[in-house]
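Construct the entire structure; sequences and hints are all you get.
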Amino acid sequence: EVQLVESGGGLVQPGGSLKLSCAASGFTFSSYEMNWVRQAPGKGLEWLSYITSDGKIMFYADSVEGRFTVSRDNAKNSLYLQMNSLRADDTAVYYCAREIPRCGGDCNDYWGQGTLVTVSS
Amino acid sequence: QSALTQPASVSGSPGQSITISCTGTSSDIGAYNYVSWYQQYPGKAPKLMIYEVTNRPSGVSNRFSGSKSGNEASLTISGLQAEDEADYYCTAYAHRNPFYVFGTGTKVTVL
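As given, the protein sequences belong to chains A and B, one line each in that order.
Each residue of the first sequence is one higher than the one before, starting from 1 at the first, in the working numbering.
Each residue of the second sequence is one higher than the one before, starting from 1 at the first, in the working numbering.
It is worth saying that the hints were derived from the structure and are not from the lab.
Hints may be right or wrong, so weigh each one.
Said to hold, decoys possible - Below are the DSS-like pairs computed for lysine-lysine, each with C-alpha atoms no more than 27 Å apart in a straight line:
no.	chain 1	residue 1	chain 2	residue 2
1	B	68	B	107
2	B	68	B	47
3	B	68	A	43
4	A	19	B	47
5	A	19	A	56
6	B	47	A	43
Rendered as structure tokens:
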């Protein structure tokens with residue numbers, strides 16, 4: 001069974017840092033491109049970042065470019081999101097998601113349960 | 001890059017068909033056949049319902065169908081059922097940042 005389990009969320013002060021993890025199981029993690037998507041309380045979905053299966057190419061939304069860094073460790077079947085210079089508007093549930101191979105566009109067929117990040121003093 | 005525009009809410013009676021629109025621009029929806037739709041229940045992760053405009057992932061009911069014309073994409077739910085009551089989001093690939101732009105979301109209510 002395919003599973004994605006996020007961890008690392010919590011309460012952090014403005015300007016602080018947090019590193020999210022996404023543990024993958026039930027599939028060959030190294031063969032899949034991955035995304036991070038977030039959802040602020042009561043709001044819609046926002047794509048944040050994408051990483052290729054080999055971890056060599058990453059893309060970011062303007063809202064997090066320069067502050068967030070996506071990475072992966074295929075040997076550990078894990079995806080990460082390092083978040084720095086956090087702001088109140090980064091408060092959201094953060095999801096990792098797996099892309100359908102060779103799919104055009106945002107085709108995330110499996111998602112984690114999400115981890116809540118709250119940025120507040 | 002602004003979010004794609006969806007109606008805030010759509011409703012229908014059981015058995016009816018409803019259509020949710022998703023309006024973008026020539027830089028996203030109009031540029032590629034790369035439109036996806038997600039269903040989301042409160043407090044749950046999104047579920048992929050349609051990808052590449054018309055394709056359904058394995059296990060998704062054939063009551064869900066997608067289409068596109070110009071800069072507008074649509075999701076049609078036929079034979080509406082109580083379990084279809086949820087939020088629905090479209091998303092499209094854009095050839096500039098953000099590369100994946102989501103719609104504003106539509107709440108579907110089954111009367």
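Structure-based check of all given hints:
1. B:68 / B:107: Since the Cα atoms of residue 68 (chain B) and residue 107 (chain B) sit roughly 20 Å apart, the hinted pair holds (cutoff 27 Å).
2. B:68 / B:47: holds, 20 Å
3. B:68 / A:43: Cα-Cα ~25 Å, so holds.
4. A:19 / B:47: This hinted pair holds, its Cα atoms lying about 25 Å apart.
5. A:19 / A:56: holds, 19 Å
6. B:47 / A:43: holds, 17 Å
The structure agrees with every numbered hint stated previously.
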